[in-house]
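Please arrange chain B on chain A, whose structure you already have, making use of the hints.
Going line by line, the protein sequences match chains A and B.
Residue numbering for the first sequence follows my numbering, starting at 1 and increasing by one per position.
Residue numbering for the second sequence follows my numbering, starting at 1 and increasing by one per position.
A portion of the hints provided could be inaccurate.
Copies of the same chain are indistinguishable here, so a pair counts whether it falls within one copy or spans any two.
Each computed SDA-like pair below joins lysine to any residue, with the alpha-carbon atoms no more than 20 angstroms apart [as the list claims (entries may be wrong)]: (1) Lys294 x Val97; (2) Lys118 x Gly236; (3) Lys416 x Gly68; (4) Lys416 x Leu331; (5) Lys435 x Arg172; (6) Lys113 x Arg237; (7) Lys2 x Arg57; (8) Lys435 x Val171; (9) Lys435 x Asp167.
Simulated from the structure, these hints should not be mistaken for laboratory data.
Number of protein chains: 2
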Amino acid sequence: MKSLAEHLPAGALVTDPDILAGYRQDRALDPDAGTPLALVRPTTTEQVSTVLRWAHRHRVPVVPRGAGTGLSGGATAQDRALLLSTERMREITVDPVTRTAVAQPGLLNAEVKRAVAKHGLWYPPDPSSFEICSIGGNAATNAGGLCCVKYGVTTDYVLGMEVVLADGTVVRLGGPRLKDSAGLSLTKLFVGSEGTLGIITEVTLRLLPAQTPQSTVVATFSTIETATAAILAITGRLRPSMLEFMDAVAINAVEDELRMGLDRTAAGMLVARSDAPGEHAAAEAAIMVEACEKSGATEVFSTEDPEEGEAFTAARRFAIPAVERRGTLLLEDVGVPLPRLGELVTGIAEIATRRAVLVSVIAHAGDGNTHPLIVHDPSDADETARAHQAFGEIMALAIALGGTITGEHGVGRLKKAWLPDQVGPEVMDLTRRIKDALDPHGILNPGAVL
Amino acid sequence: MKSLAEHLPAGALVTDPDILAGYRQDRALDPDAGTPLALVRPTTTEQVSTVLRWAHRHRVPVVPRGAGTGLSGGATAQDRALLLSTERMREITVDPVTRTAVAQPGLLNAEVKRAVAKHGLWYPPDPSSFEICSIGGNAATNAGGLCCVKYGVTTDYVLGMEVVLADGTVVRLGGPRLKDSAGLSLTKLFVGSEGTLGIITEVTLRLLPAQTPQSTVVATFSTIETATAAILAITGRLRPSMLEFMDAVAINAVEDELRMGLDRTAAGMLVARSDAPGEHAAAEAAIMVEACEKSGATEVFSTEDPEEGEAFTAARRFAIPAVERRGTLLLEDVGVPLPRLGELVTGIAEIATRRAVLVSVIAHAGDGNTHPLIVHDPSDADETARAHQAFGEIMALAIALGGTITGEHGVGRLKKAWLPDQVGPEVMDLTRRIKDALDPHGILNPGAVL
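Only chain A is shown next, with the shape it has when bound in the complex (with noise of 0.2 angstroms):
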């Protein structure tokens, strides 16, 4: 330890127990997150070259950390590990001509988005935590968002990046070319590797031109049938900017926040966006408003007004707290192909029926990713029990409708038991032998995925 602090900064390591303790958890709130060695905030990737060189030497674990806001364990600190938090990367460089921006990994990702708006241009993943969580770690887990059912996920807007290896080599990969087939797409499989297979110390994001404003939709439906008929309808005909769904839990988790005035009597509300050019938005919308209503929905509300659907857009958003005021959250993120998704909620229903447990279903709906809410107790045992029995079914049935148990937040440690259900033995055994290649000490984010 006294041998890795001389190579570093006065103040990049930290060994303060008090100031560790905040590092221990990300958002997954792990019980059982370990007691780390010590905290490393680096500034420059030859800073974490030289964490990594000395971790690699002396066989110590690194638990790599973007914002903390990982919602699947990825970032718990373990015993005796090293944590090596990004936050003070924050350099960006935008470039308006190649509609590229070169980030370190500690900026936020709605600092990315600021960034690169002052040029008029979008970068658009966007995950509900948009406001705090950050760029490395969106690109560590393939984060996606609101906007991925038109516009794709993280992985879609990375074209290079640079890497710190296991033993502290440092990688570039790709650059700012839209096209480069040299050699192995070692980018694109280092995005969502969650720290397992190096650690992300640049990254180089491709861009949009602004987005345009766009119209909205909100309707609310009486049965989840209906709600789910009419997201078939809109995906059948157009592709939203926005297609999300919230049910009644939410539905009035939102309202006793907010005071909107949504319908509390309605099983699900949906709220789509078209940001199509011009008047092409309201045309898009008139769409959507004609397949909710064919689809049964019990009322239909559309607006041009950006303000009014950002509002209904940020009551989406603050779904997931507006339900935590009901308890602690085990939160969900498993995605069906979209013709699924009506088994999937229905499935879900009965889960919690039978495990008696209150488990709120809202949902990036365009693209067939949920995040159903688990309410429970702590304190209380038996329930909590029953809450992480629903948890692991919820996978369960995702995998059997043809899905996946994380559509955007990562495997971590959370998840890693149901991962080989979702991709069996051979694509374990693929992916372990890459993760011996990269890194056959195993120091990497030890625990995590794998």
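Positioned in the frame of chain A, the structure of chain B alone reads:
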């Protein structure tokens, strides 16, 4: 060999030298192509697995092959290797609800486009060879095309695949889900791996709604400088759905064949398109016209007529065969960050002068990906040597400008000597480690990429 034939249906294994002769080369026409052991034309994944299990046991190299239209020698036959052609694997199913298609690798790109168009959908990637190249080859090389400037490359459309690994193991990766963060992004690793990590036996493709009618702008320039200035002026203001460049040699070669009335005195010509919805296409075309005029175009022409626009696009696609009438081509595929495009084109002209060879430059200008066509007479040993010198020097120039030796064709065997110069020894080592982990006996496409 007999033990392999016994496990395959009659006709799947071919040893007739006359038939084999037609499979020894791809469009790189490598004169040093080897003499293969046999050709296998499987129709099912199970047969591919059978072949690889046999090859793995007997340590027989396997060279996979799609339609044989590759330009980098990725499918060049090797001595004592099995050639595995996917040409008979031609199934496709389209799901308009999830907006995905599941295709076997032997289907041609154009056949995929036609199959999905029946459902009002669009598969964007469009290599110039789209009528004759296979979707499996597109995935294996991460192929590009003309619309990539707006719509991205093949990897952006591959959501999942089935792959047969070196030992015959069949794995399924990803699936018809826009979002999936479960485990490593293995799907994306196999895209662009050029048959060195496994054989792709099925791809799950993301589709878009049908493209709307495009407006087309054609502009001619008296200097390369004004043409590249116009390219930057266009991409700085909007994202065209196509932005192609042809130099004087290409313009004249095309005009010789097609008699379209192209300006034979121009130093360069741009063909740009917009597919913004409705009248927004014309509005974007007007912006592009203005950008060309302000940059010093000698003539600018704009049309809303899709057929007329398609004629100019076809003229651009025809540039390679047209220039080929002047001699045998060494076809380059170098790309640079867009602001360096002018330096690249100027530098290529200097190389051509120094090496006394004719080089025609055509380019997917909007994404910085150029195809310098080095014209030479293979019966003239000295000229051929100079052509090859120019070929290498153009790649070195692209690397020096922060670019890539291959934007969309792949490294294959033709460009592998330059790959280390681009990516560096650390990335080569990383690549080698992944290769060794997945193909420990090195039977998959040996000699390609690495």
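Item to check | Hint check against the structure, violated hint numbers in rising order | outcome: none
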